[in-house]
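Here the protein sequences come in this chain order: Z and L. All letters in the first sequence, in the order written, are residues 1 to 346 by UniProt numbering. All letters in the second sequence, in the order written, are residues 1 to 346 by UniProt numbering.
Simulated from the structure, these hints should not be mistaken for lab results. Computed from a predicted model, the values in this text were never measured in an experiment. Please note that the accuracy of each hint is not assured.
Note that identical chains are pooled: a pair holds if it fits in a single copy or bridges any two copies.
As the list claims (entries may be wrong) - In silico SDA-like cross-links for lysine to any residue, where the CA-CA straight-line distance does not exceed 25 angstroms:
1) LYS49 to GLY235
2) LYS305 to ILE22
3) LYS305 to ASN110
4) LYS305 to ASP325
5) LYS111 to GLY167
6) LYS76 to MET1
7) LYS111 to GLY280
8) LYS189 to VAL93
Residue strings, one per chain:
There are 2 protein chains.
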Amino acid sequence: MKATFLYGAGDVRVETVADPVIQQKTDAIVRVVRACVCGSDLHPFHTRKPGPVGAPMGHEMVGVVEEIGSEVSTVKRGDLVVATFTYQDNTCVFCQEGFHTSCLHGGFYNKPEVGGFQAEYARVPQADGSLVAVPGVDENSELLPSLLALSDVYLTGYHAAHMGRVGAGKTVTVIGDGAVGLSAVLASKRLGAERVILMGRHQSRTDLGREFGADEVVAERGEEGVARVRELTRGEGSHVVVEAVGHFPAYQQALGAVRVGGTISRVGVPQYSEAPIGWGSLFSRNITLTGGPAPVRAYIESALKDVLDGSIAPGRVFDRVIGIDEAAQGYSAMDSRESLKVMIAF
Amino acid sequence: MKATFLYGAGDVRVETVADPVIQQKTDAIVRVVRACVCGSDLHPFHTRKPGPVGAPMGHEMVGVVEEIGSEVSTVKRGDLVVATFTYQDNTCVFCQEGFHTSCLHGGFYNKPEVGGFQAEYARVPQADGSLVAVPGVDENSELLPSLLALSDVYLTGYHAAHMGRVGAGKTVTVIGDGAVGLSAVLASKRLGAERVILMGRHQSRTDLGREFGADEVVAERGEEGVARVRELTRGEGSHVVVEAVGHFPAYQQALGAVRVGGTISRVGVPQYSEAPIGWGSLFSRNITLTGGPAPVRAYIESALKDVLDGSIAPGRVFDRVIGIDEAAQGYSAMDSRESLKVMIAF
Numbered sequence: 001m002k003a004t005f006l007y008g009a010g011d012v013r014v015e016t017v018a019d020p021v022i023q024q025k026t027d028a029i030v031r032v033v034r035a036c037v038c039g040s041d042l043h044p045f046h047t048r049k050p051g052p053v054g055a056p057m058g059h060e061m062v063g064v065v066e067e068i069g070s071e072v073s074t075v076k077r078g079d080l081v082v083a084t085f086t087y088q089d090n091t092c093v094f095c096q097e098g099f100h101t102s103c104l105h106g107g108f109y110n111k112p113e114v115g116g117f118q119a120e121y122a123r124v125p126q127a128d129g130s131l132v133a134v135p136g137v138d139e140n141s142e143l144l145p146s147l148l149a150l151s152d153v154y155l156t157g158y159h160a161a162h163m164g165r166v167g168a169g170k171t172v173t174v175i176g177d178g179a180v181g182l183s184a185v186l187a188s189k190r191l192g193a194e195r196v197i198l199m200g201r202h203q204s205r206t207d208l209g210r211e212f213g214a215d216e217v218v219a220e221r222g223e224e225g226v227a228r229v230r231e232l233t234r235g236e237g238s239h240v241v242v243e244a245v246g247h248f249p250a251y252q253q254a255l256g257a258v259r260v261g262g263t264i265s266r267v268g269v270p271q272y273s274e275a276p277i278g279w280g281s282l283f284s285r286n287i288t289l290t291g292g293p294a295p296v297r298a299y300i301e302s303a304l305k306d307v308l309d310g311s312i313a314p315g316r317v318f319d320r321v322i323g324i325d326e327a328a329q330g331y332s333a334m335d336s337r338e339s340l341k342v343m344i345a346f
Numbered sequence: 001m002k003a004t005f006l007y008g009a010g011d012v013r014v015e016t017v018a019d020p021v022i023q024q025k026t027d028a029i030v031r032v033v034r035a036c037v038c039g040s041d042l043h044p045f046h047t048r049k050p051g052p053v054g055a056p057m058g059h060e061m062v063g064v065v066e067e068i069g070s071e072v073s074t075v076k077r078g079d080l081v082v083a084t085f086t087y088q089d090n091t092c093v094f095c096q097e098g099f100h101t102s103c104l105h106g107g108f109y110n111k112p113e114v115g116g117f118q119a120e121y122a123r124v125p126q127a128d129g130s131l132v133a134v135p136g137v138d139e140n141s142e143l144l145p146s147l148l149a150l151s152d153v154y155l156t157g158y159h160a161a162h163m164g165r166v167g168a169g170k171t172v173t174v175i176g177d178g179a180v181g182l183s184a185v186l187a188s189k190r191l192g193a194e195r196v197i198l199m200g201r202h203q204s205r206t207d208l209g210r211e212f213g214a215d216e217v218v219a220e221r222g223e224e225g226v227a228r229v230r231e232l233t234r235g236e237g238s239h240v241v242v243e244a245v246g247h248f249p250a251y252q253q254a255l256g257a258v259r260v261g262g263t264i265s266r267v268g269v270p271q272y273s274e275a276p277i278g279w280g281s282l283f284s285r286n287i288t289l290t291g292g293p294a295p296v297r298a299y300i301e302s303a304l305k306d307v308l309d310g311s312i313a314p315g316r317v318f319d320r321v322i323g324i325d326e327a328a329q330g331y332s333a334m335d336s337r338e339s340l341k342v343m344i345a346f
């Protein structure tokens, strides 16, 4: 099969490798129908050291089940499925508590032992917990982009809003007009936010943000951006700030925009380790800091209903479709911000 | 009047100064009946640079109103009152949202313009928001210690539990066997915690912690302490960790003891600025970090009922009573851990 590997910063290659096979009784093999490139794929795309072994890429996908292990019971050959961006058993204590990304028997893709989804086929561990069947939808459906968005991007935005306890009466500021930021706008509105302020500079993106429900767009960044958010909130700041970037300046911006007693909810994977959390930053104002990798499995069934009944169309974040052979161009298009989010069709 | 000043690290002096007077129409002058020394007073007691001007000390008190400004309406001369450790109007937008320590018209004591409470008299700004009358209790009541504990220490412990969303089914680990830590034990039980683990090494203190409801005591610190907490929680960690110390090792200990998806709630004033909050510390496990100075005014009315009806006796944290002339000895006794919490009786 063809599969995508990252050999070093900027070095994406599509190679022909052996098809994956069932290794555990709880595995499934899925034929990939749609995959995509994630904003978080751009972090190693920028920083990975060159080496002789490529990392298998991709962790979002809609596909059709080809084969299941002997202990898999919730999906069967032929089912159209959405895969969550981590695998998990959906039964352990942490899954039960809603934090599937820390499943005791789960893990992340893109390792030699569990490949990636930017490939023609994929092995999915813990298939009962990691795949969700979508009955009544086939692989030619117009819903595929929105189903694919449930693998990660929309529900990562949703997680940010959920962890920030977005709800009625709350003002939410979203930092970042990438696909996760726009998804957080959509999810915040879905959770009843009174007002959503989107911080972003790319008009085609912020226009989609407005269609997703953003009430205001702030194009300024840094101190000017903070000043503008405070101006829009009577100087008080925002109840919830979603940080959907992951770089340190976005954290600083969040500190500036957040309200007394408010919450900074991070879903951009932090590209920094230490940061201010003392008296002058978080403590004196009773700011809460929350967030992490989204337990997509916790939210996917409810979101699936919303997609199937047309309440939301999170797949609108995809603005370019490529074939697997063009994977490298897909990464470049997202890196240069030519493209918001690239879908790979098989 | 006599009042307590800190001139530098270790240099506590009681001096005779002019009595305070009404400066604003919203002020009250209160004759102090009981004051005390706070764990947070020990931070400047350790670090303040020597200088010619002393800082007025103390921010906890029960007293009797002597005089009110023309716009004060909720307390009157002769009322026995508890003062919260900050002053606030109790009406601004942040007070309404429950974060009185960030009141738009409020502030902290212990500044030249608003003195301290380790003194015979005190000027209380925003008296309507800052003083709570206790009807039917006089200045000889046996309840005075528990009323004094509502100024700060008990409700700071309560704030930690509240911000950590302590409730039924939750395991809470409290780091620190100081008076705030013990108060957090009491408050966590009050809020329905299933199990409270107290980390502390001073048996007289942890014994009181057990009486306040701690189910387990962990005397080990650092990595050993973390290992013990994890052992007590089937390796899973604690849903909520209250950090009631303020030093960096306590934050590290909290990171080790907290559960996936759990919350670190800080009420020890952080004596550090930067700390790890990236993938390996908070983010990958969806840990929430919360806390700050307690908005005592938000909780005091409910806690006052609990004290008056005997449901709680948070004043048990006081284990030594001194007169104002012995203030310096009081600081030393707390600093050397001879005393858990020192009350000053006038």
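Against the structure, the hints:
1. LYS49 to GLY235: neither (45 angstroms within a copy, 35 angstroms between copies)
2. LYS305 to ILE22: Neither: 30 angstroms inside a copy, 64 angstroms across copies.
3. LYS305 to ASN110: neither (29 angstroms within a copy, 57 angstroms between copies)
4. LYS305 to ASP325: neither (33 angstroms within a copy, 71 angstroms between copies)
5. LYS111 to GLY167: Classified as neither: same-chain Cα gap 38 angstroms, cross-chain 39 angstroms, threshold 25 angstroms.
6. LYS76 to MET1: Within one copy only: 22 angstroms inside a chain, 84 angstroms across chains, cut-off 25 angstroms.
7. LYS111 to GLY280: Answer is between: at 18 angstroms across copies they meet the 25 angstroms cutoff, but 40 angstroms inside does not.
8. LYS189 to VAL93: Classified as between: cross-chain Cα gap 24 angstroms, same-chain 30 angstroms, threshold 25 angstroms.
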